[in-house]
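Protein chains in written order, with my numbering: chain A, 233 to 348; chain B, 88 to 198.
Mixed in with the good hints, there may be bad ones.
[Claimed, not checked] Not the full set, but computed from the structure, chain A residues with beta-carbon under 8 Å of chain B:
no.: 1; residue: S234
no.: 2; residue: G235
no.: 3; residue: G290
no.: 4; residue: I292
no.: 5; residue: I337
no.: 6; residue: F339
no.: 7; residue: G340
no.: 8; residue: G342
[Unchecked claim] If you anchor each label on the Cβ, the simulated ranges turn out as follows:
no.: 9; chain 1: B; residue 1: A141; chain 2: A; residue 2: R254; range: 16 to 24 Å
no.: 10; chain 1: B; residue 1: N128; chain 2: A; residue 2: L315; range: 36 to 44 Å
no.: 11; chain 1: A; residue 1: Q299; chain 2: B; residue 2: G103; range: 21 to 29 Å
no.: 12; chain 1: B; residue 1: G103; chain 2: A; residue 2: G248; range: 47 to 55 Å
no.: 13; chain 1: B; residue 1: N148; chain 2: A; residue 2: S311; range: 35 to 43 Å
no.: 14; chain 1: B; residue 1: T159; chain 2: A; residue 2: S312; range: 36 to 44 Å
no.: 15; chain 1: B; residue 1: S167; chain 2: A; residue 2: S327; range: 33 to 41 Å
Read the hints as simulated data drawn from the structure, not as lab findings. Keep in mind the model is a prediction, meaning the values are calculated, not measured. Where a beta carbon is used, it is the ideal one built from N, C-alpha and C, also for glycine.
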Amino acid sequence: DSGVTQTPKHLITATGQRVTLRCSPRSGDLSVYWYQQSLDQGLQFLIQYYNGEERAKGNILERFSAQQFPDLHSELNLSSLELGDSALYFCASSSTGIGDSGNTIYFGEGSWLTVV
Amino acid sequence: AQSVTQLGSHVSVSEGALVLLRCNYSSSVPPYLFWYVQYPNQGLQLLLKYTSAATLVKGINGFEAEFKKSETSFHLTKPSAHMSDAAEYFCAVSDDYKLSFGAGTTVTVRA
Chain A
233 DSGVTQTPKH
243 LITATGQRVT
253 LRCSPRSGDL
263 SVYWYQQSLD
273 QGLQFLIQYY
283 NGEERAKGNI
293 LERFSAQQFP
303 DLHSELNLSS
313 LELGDSALYF
323 CASSSTGIGD
333 SGNTIYFGEG
343 SWLTVV
Chain B
88 AQSVTQLGSH
98 VSVSEGALVL
108 LRCNYSSSVP
118 PYLFWYVQYP
128 NQGLQLLLKY
138 TSAATLVKGI
148 NGFEAEFKKS
158 ETSFHLTKPS
168 AHMSDAAEYF
178 CAVSDDYKLS
188 FGAGTTVTVR
198 A
């Protein structure tokens with residue numbers, strides 16, 4: 233158990249819909265990362281927040297957005313869903329930023345999203 | 088940007104045989120390098136990481152990796168494979184504020 237909690241574990245929704253994925257980081261961790269894992273794209277970095285502020289942005293679509301709340305939990309919002317958005321979405325956390333000293337990033341078990 | 092390349096998308100080994108997973112990195116500065124394992128239907132678990140303290144890094148479950156700057160490599164090894172090592176393995180490099188992952192290598196272990 234990494235200490236990173238993600239909900240829901242599985243989600244099936246229709247094209248055009250909107251979903252919210254939730255993540256609680258490890259206790260004390262200030263950084264939250266979102267990754268997407270799919271068969272064709274592999275593990276893709278989406279976005280990182282540090283203590284409530286967006287710190288880095290990766291290959292995140294405009295239809296997707298995220299935020300980190302004062303209690304440090306984070307949500308990833310996916311809207312106007314398409315079939316190609318079906319993937320495993322990981323949340324991860326670390327005490328500070330990875331670039332600072334090679335801090336370990338701890339991953340949750342992921343949220344499986346299926347768009348039908 | 089830093090990146091890693093994993094050589095071989097699939098490796099099959101016999102139980103008790105050496106496991107060798109290859110990873111080469113591309114980095115303009117001394118990198119931080121990581122190996123993660125993903126068991127079926129689970130998240131990513133850290134096996135080990137290199138942060139320049141020692142070139143030979145020992146991790147969990149009997150895995151180790153050696154950082155070779157001259158070869159820009161960080162290959163993962165385990166002397167004797169167990170059935171429980173069947174999983175997908177990812178090499179990753181720190182890239183600014185995130186980790187950039189390789190495409191992954193799936194390991195199957197034959198009895």
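Which hints from the list above does the structure break, by number from lowest to highest? 2, 4, 9, 10 and 11
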